[in-house]
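**Student:** Line order of the protein sequences matches chains A and B.
Note that this note's numbering has the first sequence beginning at 2, numbered continuously upward.
Note that this note's numbering has the second sequence beginning at 2, numbered continuously upward.
Treat the hints as calculated values from the structure; they're not laboratory data.
Please note: incorrect hints may appear among the correct ones.
Intra- or inter-copy, both count: the list cannot distinguish identical chains.
[Unchecked claim] Derived DSS-like pairs (lysine-lysine); straight-line CA-CA distance at most 30 Å:
# : residue 1 : residue 2
1 : LYS19     : LYS43
2 : LYS227    : LYS416
3 : LYS227    : LYS43
4 : LYS416    : LYS182
5 : LYS19     : LYS416
6 : LYS43     : LYS172
7 : LYS416    : LYS339
Predicted model, so just to flag it, every value in this text is computed and none were measured.
There are 2 protein chains.
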Amino acid sequence: MNILYDARVDGPLPVVDKQALLLALRTAVPDLEILHHAEDLKPYECDGLSAYRTMPLLVVLPERLEQVQTLLGLCHQHGVPVVARGAGTGLSGGALPLSQGILLVMARFNRILEVNPQGRFARVQPGVRNLAISQAAAPHGLYYAPDPSSQIACTIGGNVAENAGGVHCLKYGLTVHNLLKVEILTIEGERLILGSDALDSPGFDLLALFTGSEGMLGIITEVTVKLLPRPQVARVLLASFDRVEDAGRAVAGILDAGIIPGGLEMMDNLALRAAEDFIHAGYPVDAAAILLCELDGVEADVREDCDRVATVLRQAGAREVRLACDEAERARFWAGRKNAFPAVGRLSPDYYCMDGTIPRRELPRVLRGIAELAAEYRLRVANVFHAGDGNMHPLILFDANQPGELERAETIGGKILELCVAVGGSITGEHGVGREKINQMCAQFNRDEISLFHAVKAAFDPKGLLNPGKNIPTLQRCAEFGALHVHHGQLPFPDLERF
Amino acid sequence: MNILYDARVDGPLPVVDKQALLLALRTAVPDLEILHHAEDLKPYECDGLSAYRTMPLLVVLPERLEQVQTLLGLCHQHGVPVVARGAGTGLSGGALPLSQGILLVMARFNRILEVNPQGRFARVQPGVRNLAISQAAAPHGLYYAPDPSSQIACTIGGNVAENAGGVHCLKYGLTVHNLLKVEILTIEGERLILGSDALDSPGFDLLALFTGSEGMLGIITEVTVKLLPRPQVARVLLASFDRVEDAGRAVAGILDAGIIPGGLEMMDNLALRAAEDFIHAGYPVDAAAILLCELDGVEADVREDCDRVATVLRQAGAREVRLACDEAERARFWAGRKNAFPAVGRLSPDYYCMDGTIPRRELPRVLRGIAELAAEYRLRVANVFHAGDGNMHPLILFDANQPGELERAETIGGKILELCVAVGGSITGEHGVGREKINQMCAQFNRDEISLFHAVKAAFDPKGLLNPGKNIPTLQRCAEFGALHVHHGQLPFPDLERF
Numbered sequence: 002m003n004i005l006y007d008a009r010v011d012g013p014l015p016v017v018d019k020q021a022l023l024l025a026l027r028t029a030v031p032d033l034e035i036l037h038h039a040e041d042l043k044p045y046e047c048d049g050l051s052a053y054r055t056m057p058l059l060v061v062l063p064e065r066l067e068q069v070q071t072l073l074g075l076c077h078q079h080g081v082p083v084v085a086r087g088a089g090t091g092l093s094g095g096a097l098p099l100s101q102g103i104l105l106v107m108a109r110f111n112r113i114l115e116v117n118p119q120g121r122f123a124r125v126q127p128g129v130r131n132l133a134i135s136q137a138a139a140p141h142g143l144y145y146a147p148d149p150s151s152q153i154a155c156t157i158g159g160n161v162a163e164n165a166g167g168v169h170c171l172k173y174g175l176t177v178h179n180l181l182k183v184e185i186l187t188i189e190g191e192r193l194i195l196g197s198d199a200l201d202s203p204g205f206d207l208l209a210l211f212t213g214s215e216g217m218l219g220i221i222t223e224v225t226v227k228l229l230p231r232p233q234v235a236r237v238l239l240a241s242f243d244r245v246e247d248a249g250r251a252v253a254g255i256l257d258a259g260i261i262p263g264g265l266e267m268m269d270n271l272a273l274r275a276a277e278d279f280i281h282a283g284y285p286v287d288a289a290a291i292l293l294c295e296l297d298g299v300e301a302d303v304r305e306d307c308d309r310v311a312t313v314l315r316q317a318g319a320r321e322v323r324l325a326c327d328e329a330e331r332a333r334f335w336a337g338r339k340n341a342f343p344a345v346g347r348l349s350p351d352y353y354c355m356d357g358t359i360p361r362r363e364l365p366r367v368l369r370g371i372a373e374l375a376a377e378y379r380l381r382v383a384n385v386f387h388a389g390d391g392n393m394h395p396l397i398l399f400d401a402n403q404p405g406e407l408e409r410a411e412t413i414g415g416k417i418l419e420l421c422v423a424v425g426g427s428i429t430g431e432h433g434v435g436r437e438k439i440n441q442m443c444a445q446f447n448r449d450e451i452s453l454f455h456a457v458k459a460a461f462d463p464k465g466l467l468n469p470g471k472n473i474p475t476l477q478r479c480a481e482f483g484a485l486h487v488h489h490g491q492l493p494f495p496d497l498e499r500f
Numbered sequence: 002m003n004i005l006y007d008a009r010v011d012g013p014l015p016v017v018d019k020q021a022l023l024l025a026l027r028t029a030v031p032d033l034e035i036l037h038h039a040e041d042l043k044p045y046e047c048d049g050l051s052a053y054r055t056m057p058l059l060v061v062l063p064e065r066l067e068q069v070q071t072l073l074g075l076c077h078q079h080g081v082p083v084v085a086r087g088a089g090t091g092l093s094g095g096a097l098p099l100s101q102g103i104l105l106v107m108a109r110f111n112r113i114l115e116v117n118p119q120g121r122f123a124r125v126q127p128g129v130r131n132l133a134i135s136q137a138a139a140p141h142g143l144y145y146a147p148d149p150s151s152q153i154a155c156t157i158g159g160n161v162a163e164n165a166g167g168v169h170c171l172k173y174g175l176t177v178h179n180l181l182k183v184e185i186l187t188i189e190g191e192r193l194i195l196g197s198d199a200l201d202s203p204g205f206d207l208l209a210l211f212t213g214s215e216g217m218l219g220i221i222t223e224v225t226v227k228l229l230p231r232p233q234v235a236r237v238l239l240a241s242f243d244r245v246e247d248a249g250r251a252v253a254g255i256l257d258a259g260i261i262p263g264g265l266e267m268m269d270n271l272a273l274r275a276a277e278d279f280i281h282a283g284y285p286v287d288a289a290a291i292l293l294c295e296l297d298g299v300e301a302d303v304r305e306d307c308d309r310v311a312t313v314l315r316q317a318g319a320r321e322v323r324l325a326c327d328e329a330e331r332a333r334f335w336a337g338r339k340n341a342f343p344a345v346g347r348l349s350p351d352y353y354c355m356d357g358t359i360p361r362r363e364l365p366r367v368l369r370g371i372a373e374l375a376a377e378y379r380l381r382v383a384n385v386f387h388a389g390d391g392n393m394h395p396l397i398l399f400d401a402n403q404p405g406e407l408e409r410a411e412t413i414g415g416k417i418l419e420l421c422v423a424v425g426g427s428i429t430g431e432h433g434v435g436r437e438k439i440n441q442m443c444a445q446f447n448r449d450e451i452s453l454f455h456a457v458k459a460a461f462d463p464k465g466l467l468n469p470g471k472n473i474p475t476l477q478r479c480a481e482f483g484a485l486h487v488h489h490g491q492l493p494f495p496d497l498e499r500f
């Protein structure tokens, strides 16, 4: 499968003499584990976006800060590109290796250095798994809020690099909102601290700039995350609708009432049927759409909010509103949602997961647009989304073995993202740009804005050695891609008025 | 008064030929209002930090974007520094003019361009006053959350430049958390959009980087802010304590219970007595400290939370807990707090307001430290703070006419900020660095970090023409200042163990 794959790295990559590099590394860092045989490199040729594959030149697995520092100094000196990765669960090819670069695997930095219940923070190494932080904090009644679907496997370093979200980020924020401090190494091996133990930090907000920068500005060596008290109770309501638009109005109604649910998720008929077949969550398979609304907090507040949300849902046209009657049913309701991607995968040999964000009010129009594009290109699209955030995950179903389907999937995927930009949204919510959406960045930003990104990148990494070819396209790429720059909706999407 | 004033601008400023510049400006932008007589310039010689004064070379009062664009192009071409300002209410000298620079007053950009109740945002020009946004949104039941004390007068452009806070930022966040999008002009006159109408934006987070950058990266020309539904009810509890430490523990207790108050403020005995004398708010004048805790939301939630908070307060040792019995009493409780600064001003000919942030858990230690420093330097210090955020505003009382008091106030102020840094906090919470705290930045950051700030600044403004000499010190200044670099508490404050 080769969907959307673009083999060109922007600009010429230097050809590195592998044997000379290996020798230099072994001399400089004798105790560093280095993989260089093809069979050892194979498992590292892709991340969670398996459609993109490249064999790295070398893989290194450091265990100590000094090893990373020396390695970076050497790469900086010799002009060798470096791609950092944690567990490799990313969905946009952000950790895709370079054939002429080193893949720096930070997985062995997996120690929890401190859990501080008074200060409500945890200080951890970058290779610690997201869920492991919450597990370590649990004895104190605390947890780390951002919960990407991959939280069992993904590492906090990768979460910071991609500014990961999750089903609870409407209420609890993205990774950037749950960080206090990040320690990094620059490509020159300098150790910097971004942020502070206090809630604000003077000077420019480099912590926010760094979060989500996809490994292009520095290598993360330590992360201090905020911990929150675990809510006393969480209840989930399931509402079913005969019309997708009504579900969209219900989302607006809940938020307009000043209620901030712990999670607010929507699935359309194709997605919910797939999930029901797979998980038997108890979803109404004849509904056009369902909403899952979780309310968490203290008992009395949650009870009150459940009543208010149920009223709003009915007013918006819900034909049925069910409160999960116990923890087991609540877990089932969520299991259906959390397994929606693999469930949809059972309907089709291949699917392509998109990650656009739109202003919430544009939900009905964008859904109509997606339906029309699906009909036009004769492909099915299942819609699963973080409705509260306006973060959509359309899943484009196709069969790569059918001639033309892959290309049609690629085309419709690009059009959906351009539609998101045209209504004032963006090409990614929580999966990042990585390698996958680098061309769409040309539609999102203008020439001056992309130049500014490069200038900021150069402030951290003047030689451009950290994860080159990801996240920020070159101006040359944009010229070749010939993007229609539908900047923040100012230039209309050609077909926007149709929807 | 000359407290903490440091007349040196970092690096040599070019000497600008005022008459030639005036002529060039009048030719390029014939309809631009320009002030150049000493008597016209006088009102602009300082901002809210009146201890720092400089007469600007010229003041310009543009009304249209194109005027600003042409002006900036001309300044860029001729190497003339530009300082932007809104209402000039800032408390750290961020809008202090330069004797060889243009003061760009954006106050006439005062139109509210759009209030969108469906999208829950308002699009406004930078000279719109903070409170005017909430007033325009009020008919839709919406408001703009950040509420600095100066909200009647301060402009949204200045709020963005300083990342302003307010008494409600514990729950509703700083300015950066309430923005969707900012349009700026670079010093070269390029128009850029940072952020998007959706909740996330791909690429580096330049919106967060820009917010709080104190006019050093670009000129704000339009701001899109988020609007929130106004809470149905708000109640405030007043708790009095015989020991300041108990009040500190109560703050931790409330937050540990998972309650996020709309506001959570502390005042010590000196501050609350001053406020009571001035406002007659009904504060217990014999208490060592009081806490004001506001709870907002829907009726039933707030009632429940009030009960829970009252329990926590009593457990922490509050000798009395009072719920404001009506709106009038609630307004009185807050009026005392909001007028604490002028109230303290009645106790002393001069006072100096600090703005340090510390990890909340360090509150008791830092309060002990401040008390000991006050005794040592024979000055009174009143403490007023956003306790929930760990943002302290110690007010140092002195009389500039008494020989030596000003110097002692200056010394103790510096020591308090260094103490904040030593316990892991920072030298500013919401007032910014500006001109005032530029030396303390040398204590907050190391050489590599300050170099990185300069590199980021250069990415936006290579010639360094935007607000030079504010926010980020030169390395030379730090060398001359001879700062003890107490970086993130790693190097101990010399006297830290005392407290």
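**Student:** None of the hints should be skipped; say for each whether it holds.
**Tutor:** How the hints compare with the structure:
In the homo-oligomer, the alpha carbons of LYS19 and LYS43 lie at most 30 Å apart inside one protomer (17 Å), although the nearest pairing across protomers, at 67 Å, exceeds that limit. Proximity of LYS227 to LYS416 under the C-alpha cut-off of 30 Å is restricted to the inter-copy arrangement: shortest distance 28 Å between copies versus 38 Å within a copy. Taking the shortest alpha-carbon separations for LYS227 and LYS43, neither the intra-copy value of 36 Å nor the inter-copy value of 47 Å comes in at or below 30 Å. For a Cα distance limit of 30 Å, the shortest separation of LYS416 from LYS182 across copies, 24 Å, qualifies, whereas the shortest one inside one copy, 38 Å, does not.
Taking CA atoms no more than 30 Å apart as the test, LYS19 paired with LYS416 passes in neither setting, with 41 Å inside one copy and 54 Å between copies. Taking the shortest Cα distances, LYS43 and LYS172 never come within 30 Å of each other, neither inside one copy (40 Å) nor across copies (48 Å). Only within a single protomer do LYS416 and LYS339 lie at most 30 Å apart by alpha-carbon distance; the minimum there is 26 Å, versus 52 Å between protomers.
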